[in-house]
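Student: Let's have the full structure, built from the sequences with the hints guiding it.
For the record, the sequence lines run as chains A and B.
Sequential numbering from 1 applies to the first sequence in our numbering.
Sequential numbering from 1001 applies to the second sequence in our numbering.
What the hints contain is simulated information worked out from the structure, not anything from laboratory work.
Keep in mind that a hint or two might mislead.
[Unchecked claim] With a straight-line Cα cutoff of 30 Å, these simulated DSS-like cross-link-like pairs (lysine-lysine) come out:
{"id": "1", "chain 1": "B", "residue 1": "Lys1107", "chain 2": "B", "residue 2": "Lys1042"}
{"id": "2", "chain 1": "B", "residue 1": "Lys1059", "chain 2": "B", "residue 2": "Lys1042"}
{"id": "3", "chain 1": "B", "residue 1": "Lys1079", "chain 2": "B", "residue 2": "Lys1042"}
{"id": "4", "chain 1": "A", "residue 1": "Lys15", "chain 2": "B", "residue 2": "Lys1042"}
{"id": "5", "chain 1": "B", "residue 1": "Lys1107", "chain 2": "B", "residue 2": "Lys1057"}
{"id": "6", "chain 1": "B", "residue 1": "Lys1079", "chain 2": "B", "residue 2": "Lys1057"}
{"id": "7", "chain 1": "B", "residue 1": "Lys1057", "chain 2": "B", "residue 2": "Lys1069"}
{"id": "8", "chain 1": "B", "residue 1": "Lys1057", "chain 2": "B", "residue 2": "Lys1042"}
{"id": "9", "chain 1": "A", "residue 1": "Lys13", "chain 2": "B", "residue 2": "Lys1042"}
{"id": "10", "chain 1": "A", "residue 1": "Lys57", "chain 2": "B", "residue 2": "Lys1079"}
{"id": "11", "chain 1": "B", "residue 1": "Lys1079", "chain 2": "B", "residue 2": "Lys1059"}
{"id": "12", "chain 1": "B", "residue 1": "Lys1079", "chain 2": "B", "residue 2": "Lys1069"}
{"id": "13", "chain 1": "B", "residue 1": "Lys1059", "chain 2": "B", "residue 2": "Lys1069"}
{"id": "14", "chain 1": "B", "residue 1": "Lys1069", "chain 2": "A", "residue 2": "Lys52"}
{"id": "15", "chain 1": "B", "residue 1": "Lys1042", "chain 2": "A", "residue 2": "Lys22"}
{"id": "16", "chain 1": "B", "residue 1": "Lys1063", "chain 2": "B", "residue 2": "Lys1079"}
{"id": "17", "chain 1": "B", "residue 1": "Lys1057", "chain 2": "B", "residue 2": "Lys1068"}
{"id": "18", "chain 1": "B", "residue 1": "Lys1059", "chain 2": "B", "residue 2": "Lys1107"}
{"id": "19", "chain 1": "A", "residue 1": "Lys13", "chain 2": "A", "residue 2": "Lys52"}
{"id": "20", "chain 1": "A", "residue 1": "Lys57", "chain 2": "B", "residue 2": "Lys1069"}
{"id": "21", "chain 1": "B", "residue 1": "Lys1068", "chain 2": "A", "residue 2": "Lys57"}
[To be verified] Okay, the calculated bits of chain B under chain A, using three or more residues with CB under 8 Å as the criterion:
{"id": "22", "stretch": "1035-1049"}
{"id": "23", "stretch": "1096-1108"}
As the structure is a computational prediction, the values presented were derived from the model and not from experiment.
Backbone N, C-alpha and C define an ideal beta-carbon position, used for all residues, glycine too.
These are the residues of each chain, in order.
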Amino acid sequence: AAGVIQSPRHLIKEKRETATLKCYPIPRHDTVYWYQQGPGQDPQFLISFYEKMQSDKGSIPDRFSAQQFSDYHSELNMSSLELGDSALYFCASSLNEETPAFFGQGTRLTVV
Amino acid sequence: EDQVTQSPEALRLQEGESSSLNCSYTVSGLRGLFWYRQDPGKGPEFLFTLYSAGEEKEKERLKATLTKKESFLHITAPKPEDSATYLCAVVDTGKLIFGQGTTLQVKP
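Tutor: Put into structure tokens, the structure is as follows:
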């Protein structure tokens, strides 16, 4: 069965650089979520989209932005990277917000 | 504000020693509670969905139950391969709110 695809799996950036993370949801899923997870922490909600429109926004820094495209894939853009942005970034998709969200394998971002 | 609290934070069991993980929640109208399993460095893997009090779901050695204030994940005769972090999450408008997770270690 198709799963959520995230790319890249690993990313190393220097401080003040920019990173773009991509997410390809499960086909026919019209809801996409982005989460950030630090070591030993639970996933922290960043932003979500429903039918290509922003649905909700969490504790996402102003340096971050995201969008969902016409083919439903989503991108998380992160600028002026800081050491504290190092984390696992997960994308998840669901049929709607009351059905289970399925997570990708994540992108491990390391800022040096 | 909706909140999810899991206990214990960590649990060590011997193989075959059954136990339960707790997930307490405060939401204004539960629209869904999900259990996930997460292995280190990997994405959360969906286990169960519960929607209403009294509902139960079962899969192999795991059984999830739901009341009006909490959910339990019962693990019967666990094996070392059940070692992982178990997360519960509730549906809120536009997002899932996660608990802090319970890290389970099952020793052979």
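Student: Can you confirm whether the C-alpha distance between Lys1068 (chain B) and Lys57 (chain A) stays at or below 30 Å?
Tutor: Satisfied, since the Cα-Cα distance of roughly 27 Å is no more than 30 Å.
Student: What's the verdict on Lys1079 (chain B) and Lys1057 (chain B), does the C-alpha distance respect the 30 Å limit or exceed it?
Tutor: holds (20 Å)
Student: Between the alpha carbons of Lys1107 (chain B) and Lys1057 (chain B), is the straight-line distance 30 Å or under?
Tutor: Distance of about 26 Å is within 30 Å: holds.
Student: Can you confirm whether the C-alpha distance between Lys1079 (chain B) and Lys1059 (chain B) stays at or below 30 Å?
Tutor: Satisfied, since the Cα-Cα distance of roughly 14 Å is no more than 30 Å.
Student: Assess, step by step, whether the Cα of Lys1063 (chain B) is no farther than 30 Å from the Cα of Lys1079 (chain B), and give holds or violated.
Tutor: holds (15 Å)
Student: Hey, Lys1057 (chain B) versus Lys1042 (chain B), does the alpha-carbon distance stay inside 30 Å?
Tutor: holds (24 Å)
Student: Could you grab the alpha-carbon distance between Lys1059 (chain B) and Lys1107 (chain B) and see if it respects the 30 Å cut-off?
Tutor: Holds, at about 21 Å.
Student: Counting residues of the stretch 1096-1108 of chain B with a beta carbon closer than 8 Å to any beta carbon of chain A, are there 3 or more?
Tutor: Check passed, 6 qualifying residues.
Student: With the threshold set at 30 Å, check whether the alpha-carbon distance from Lys57 (chain A) to Lys1069 (chain B) stays at or below it.
Tutor: holds (26 Å)
Student: Between Lys1059 (chain B) and Lys1042 (chain B), is the straight-line Cα distance small enough, at 30 Å or below?
Tutor: Holds - the C-alpha atoms of Lys1042 (chain B) and Lys1059 (chain B) are around 21 Å apart, at most 30 Å.
Student: Given the hinted pair Lys1069 (chain B) and Lys52 (chain A), is their alpha-carbon gap at most 30 Å?
Tutor: Since the Cα atoms of Lys1069 (chain B) and Lys52 (chain A) sit roughly 34 Å apart, the hinted pair is violated (cutoff 30 Å).
Student: Hint check: Lys1059 (chain B) vs Lys1069 (chain B), CA-CA at most 30 Å. Holds or violated?
Tutor: Answer holds: Lys1059 (chain B) to Lys1069 (chain B) is near 23 Å, not above 30 Å.
When the structure is compared with the earlier hints, violations turn up for hints 10 and 14 and for no others.
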